[in-house]
Amino acid sequence: MRITPELIRNILKRRLLKLEKIKKNRENSLKRAPEGKLRISSSKGRPQYYCRYEKSDKNGIY
Numbered sequence: 008m009r010i011t012p013e014l015i016r017n018i019l020k021r022r023l024l025k026l027e028k029i030k031k032n033r034e035n036s037l038k039r040a041p042e043g044k045l046r047i048s049s050s051k052g053r054p055q056y057y058c059r060y061e062k063s064d065k066n067g068i069y
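FYI, the numbering for the sequence shown is 8 to 69, going by our numbering.
Check before you lean on any hint, since a few could be wrong.
In silico PhoX-like cross-links for lysine-lysine, where the CA-CA straight-line distance does not exceed 25 Å [stated by the list, open to error]:
#	residue 1	residue 2
1	K31	K51
2	K62	K38
3	K44	K65
4	K44	K25
5	K31	K20
6	K20	K30
7	K44	K62
8	K44	K30
9	K51	K65
10	K51	K38
Source of the hints: derived by calculation from the structure; they are not laboratory data.
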């Protein structure tokens, strides 16, 4: 198969469409995500998850 400018354009167009779809899905996921930040710590080798709603809150809510 010969690589032509048209072939490269088609490949790039398909890749761009795929990336735009991924971006749209990620943006929709972020809209549904809860407010605040997630803090993860380890206790006895197991993860513990804390939700931090304010920057001043260093620990968060378990």
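Each hint tested on the structure:
1. With a C-alpha separation of about 39 Å, the suggested pair K31 and K51 falls outside the 25 Å cut-off, and the hint is violated.
2. Distance hint between K62 and K38 is fulfilled; the C-alpha atoms sit about 20 Å from each other, no more than 25 Å.
3. A hinted pair counts as satisfied when its Cα atoms are at most 25 Å apart, and K44 with K65 qualifies at roughly 11 Å.
4. Taking the CA atoms of K44 and K25, the gap is near 29 Å; set against the 25 Å cutoff, the hint is violated.
5. Our distance criterion of 25 Å between C-alpha atoms is met by K31 and K20, whose separation comes to about 17 Å.
6. About 15 Å separates the Cα atoms of K20 and K30, which keeps this hinted pair within 25 Å; it holds.
7. Distance check on the hinted pair: K44 and K62 sit about 9 Å apart at the alpha-carbon level, within 25 Å; holds.
8. The hinted pair formed by K44 and K30 meets the criterion: a straight-line CA distance of about 21 Å does not exceed 25 Å.
9. Annotation: proposed proximity of K51 to K65 holds, straight-line Cα distance about 20 Å (limit 25 Å).
10. Taking the CA atoms of K51 and K38, the gap is near 34 Å; set against the 25 Å cutoff, the hint is violated.
In the structure shown, a violation is registered for the earlier hints numbered 1, 4, 10, in ascending order.
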